[in-house]
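> Here is how the chains run, residue by residue.
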Amino acid sequence: MLALLSRRLLGLAATLLAVAALVFAVMSVLPGDPAAIMLGTSARPDTLAALHRQMGLDAPVPVRFGRWLGGALTGDFGVSTTYGVPVAALIAERLAVTLPLAFLAIALSVAAALPLGVLAAARRGQAVDVLVTALAQLGVALPNFWLGLLLVLTVAVWLGWLPAGGFPGWAAGPGPALAALVLPALALALPQAGILTRVTRTAVLDVLEEDFVRTARAKGLSRRAALWRHAVPNALVPVVTVLGLQFSFLIAGSVLVESVFGLPGLGRLAYQAFAQRDLVVLQDVVLVFAALVIVVNFLVDLAYLALDPRLRARGTA
Amino acid sequence: MTAGRPPGPRLVAGLAITAVLAAVALVALAWTPEPPTRMAILFKLRPPLAHGLLGTDAFGRDVLSMLMAGARNSLGVALAAVALGGSAGTLLGVGVAARRGLVDGLVMRGCDVAFAFPPIVSAMMLGALLGPGRATATLAIALFMVPVFARVSRGAALQVWSRDYVLAARGAGRGALAISLDHVLPNIAGQLVVQATIQLGLAVLTEAGLSFLGLGAPPPEPSWGRMLADAQTYMVRAPWLAVAPGATIALAVLGFNLLGDGLRDRLDPRRSPGR
Chain A
1 MLALLSRRLL
11 GLAATLLAVA
21 ALVFAVMSVL
31 PGDPAAIMLG
41 TSARPDTLAA
51 LHRQMGLDAP
61 VPVRFGRWLG
71 GALTGDFGVS
81 TTYGVPVAAL
91 IAERLAVTLP
101 LAFLAIALSV
111 AAALPLGVLA
121 AARRGQAVDV
131 LVTALAQLGV
141 ALPNFWLGLL
151 LVLTVAVWLG
161 WLPAGGFPGW
171 AAGPGPALAA
181 LVLPALALAL
191 PQAGILTRVT
201 RTAVLDVLEE
211 DFVRTARAKG
221 LSRRAALWRH
231 AVPNALVPVV
241 TVLGLQFSFL
251 IAGSVLVESV
261 FGLPGLGRLA
271 YQAFAQRDLV
281 VLQDVVLVFA
291 ALVIVVNFLV
301 DLAYLALDPR
311 LRARGTA
Chain B
1 MTAGRPPGPR
11 LVAGLAITAV
21 LAAVALVALA
31 WTPEPPTRMA
41 ILFKLRPPLA
51 HGLLGTDAFG
61 RDVLSMLMAG
71 ARNSLGVALA
81 AVALGGSAGT
91 LLGVGVAARR
101 GLVDGLVMRG
111 CDVAFAFPPI
121 VSAMMLGALL
131 GPGRATATLA
141 IALFMVPVFA
151 RVSRGAALQV
161 WSRDYVLAAR
171 GAGRGALAIS
181 LDHVLPNIAG
191 QLVVQATIQL
201 GLAVLTEAGL
211 SFLGLGAPPP
221 EPSWGRMLAD
231 AQTYMVRAPW
241 LAVAPGATIA
251 LAVLGFNLLG
261 DGLRDRLDPR
271 RSPGR
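As given, the protein sequences belong to chains A and B, one line each in that order.
Take the first sequence: its position 255, counting from 1, is numbered 255 in our numbering, and each next residue is one higher.
Take the second sequence: its position 34, counting from 1, is numbered 34 in our numbering, and each next residue is one higher.
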């Protein structure tokens with residue numbers, strides 16, 4: 001078990017290193033001088049040279065990569081050219097919005113999808129199943145930023161139940177902060193719930209058709225017991241897998257939804273960095289995004305071991 | 001194999017929706033009710049039916065015409081991205097399935113890395129360096145499709161490689177390239193078509209998101225995503241502006257998803273329909 005875990009951790013480190021190398025390569029090898037892009041076309045040569053020195057662009061590529069990676073590992077992401085503050089502080093501040101938003105969205109989508117998916121599978125072919133399946137299919141197709149706009153219009157503007165956008169900060173207390181996150185989380189969660197409902201339904205149906213469940217049923221196990229004792233626990237493995245894979249879409253969605261609701265999250269920071277050509281911030285935020293996706297999928301891999309004893313016993317998963 | 005089985009409701013619905021949208025995009029190449037970029041400030045922010053079928057936007061442009069012209073852009077980018085990423089990914093997947101070994105491992109790890117970059121994130125990175133636009137959006141979406149198709153085609157190709165008739169072909173001295181072309185590709189084509197259809201839905205959704213952020217086709221060219229971004233400004237005064245583009249995006253995605261599911265039910269007889 002320990003050997004397995006250390007092998008996995010080594011793999012994780014290698015993947016993260018590859019991700020960092022890729023981000024760096026794209027930002028520094030692609031045509032285009034970051035300093036020139038940041039200063040615009042009318043920059044004077046001496047200003048450009050000064051920014052080159054300040055950004056360390058005069059050093060050879062491997063040295064720059066080493067500096068950047070070393071800095072990132074020790075929490076020093078450099079200084080933002082537009083904000084004039086350490087990027088690490090900026091990222092930490094924005095993560096305090098994006099991570100709670102992502103977790104709230106995951107919690108909402110799981111809370112809706114698991115019961116609906118199990119219900120649809122248990123009532124396969126009946127009206128409830130048809131309705132749930134149709135709703136899920138529709139949910140998957142809805143753009144989250146459009147849902148966001150519609151929620152702002154109906155719940156915030158017309159009904160006035162929740163704030164239409166902005167974020168009061170956690171210092172204002174968990175109540176107002178959470179209230180500001182509910183609509184964006186709903187917009188992110190609904191399409192995710194559509195996908196998860198379909199996966200849950202299929203996974204439960206698959207387990208119900210497996211030989212061991214048929215045998216148990218033939219030996220007199222009730223349909224209800226088969227569902228809850230066998231089908232639902234076993235169906236969790238594919239559900240968790242999809243949840244991990246969907247995290248990357250959740251990250252992408254956060255860029256859009258934070259933009260709709262004017263939330264000061266990491267996605268909005270990335271977009272602002274792009275719009276203001278702050279390549280230092282953009283490069284760091286892209287790295288954080290990619291690392292988050294990789295780490296979440298690593299945790300999902302570990303979750304398999306907890307959920308599926310067969311994988312643990314085999315030790316090769 | 002599947003002849004004689006009536007097409008399922010999802011296949012029919014998916015075909016109908018995508019056919020209508022494709023037809024609209026084609027018609028928009030030659031005709032729209034009004035020129036989609038023509039401004040008529042006097043008639044700005046008219047509600048549906050008051051001026052044109054779907055009303056006008058803040059510049060007095062005809063919403064229906066913009067939606068039609070937008071179909072051309074949105075579907076065009078999605079198709080190009082899936083074609084590009086799908087071909088590259090399939091080439092990689094089929095290639096490493098034939099070679100196996102170290103290259104296979106490296107390419108698959110590479111796919112893990114590529115998966116960590118959602119198209120919106122890579123579009124911002126590429127857009128900052130190459131400038132935003134239709135080509136950048138297409139490239140960003142295509143880059144995300146490469147690992148998707150590499151994994152699907154590799155998995156499917158490995159199954160074909162283990163079949164008896166492929167073993168026989170190898171025994172007869174046929175090379176990896178010939179076997180890949182003659183046996184592997186034809187046998188996995190069905191799965192690839194299903195995958196491409198489903199990914200088209202995702203590509204439409206992603207393109208809309210990119211245009212919403214201003215990372216897609218530049219103005220004044222209409223795109224569904226930017227119509228929504230513009231609508232956000234006039235949300236309270238003219239809420240209808242946000243309804244039509246969003247519903248059109250959802251309809252397009254729904255159409256491709258239904259078509260993909262329907263095709264999968266039909267091409268894979270082992271799968272019971274509706275799963």
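Heads up, some of the hints might be wrong.
[What the hints assert, rightly or not] Derived list of chain A stretches under chain B, where covered just means 3 residues or more per stretch with a C-beta under 8 Å from a C-beta of chain B:
1. 15-25
2. 35-45
3. 81-95
4. 99-112
5. 288-294
[As the list claims (entries may be wrong)] Among chain B residues calculated to face chain A with C-beta under 10 Å, some are:
6. LEU11
7. LEU42
8. GLN159
9. SER162
10. ARG163
11. PRO239
[What the hints assert, rightly or not] Non-contacting residues of chain A with respect to chain B, defined by C-beta distances greater than 12 Å in every case (computed):
12. PHE212
13. LEU250
14. GLY253
15. LEU256
16. ARG277
17. LEU279
18. VAL285
To be clear, the hints were calculated from the coordinates, so they are not data collected in a lab.
Given the structure is predicted, the values throughout are model-derived calculations rather than measurements.
Note that beta-carbon positions come from the ideal geometry of N, C-alpha and C, so glycine has one too.
> Next, verify each hint and record whether it holds.
Okay, the hints, checked on the actual structure:
no., hint, verdict
1, 15-25, "holds (count 5)"
2, 35-45, "violated (count 1)"
3, 81-95, "violated (count 0)"
4, 99-112, "violated (count 0)"
5, 288-294, "holds (count 5)"
6, LEU11, "violated, 13 Å"
7, LEU42, "violated, 26 Å"
8, GLN159, "violated, 19 Å"
9, SER162, "violated, 20 Å"
10, ARG163, "violated, 25 Å"
11, PRO239, "holds, 6 Å"
12, PHE212, "holds, 20 Å"
13, LEU250, "violated, 9 Å"
14, GLY253, "violated, 8 Å"
15, LEU256, "violated, 5 Å"
16, ARG277, "violated, 6 Å"
17, LEU279, "violated, 6 Å"
18, VAL285, "violated, 8 Å"
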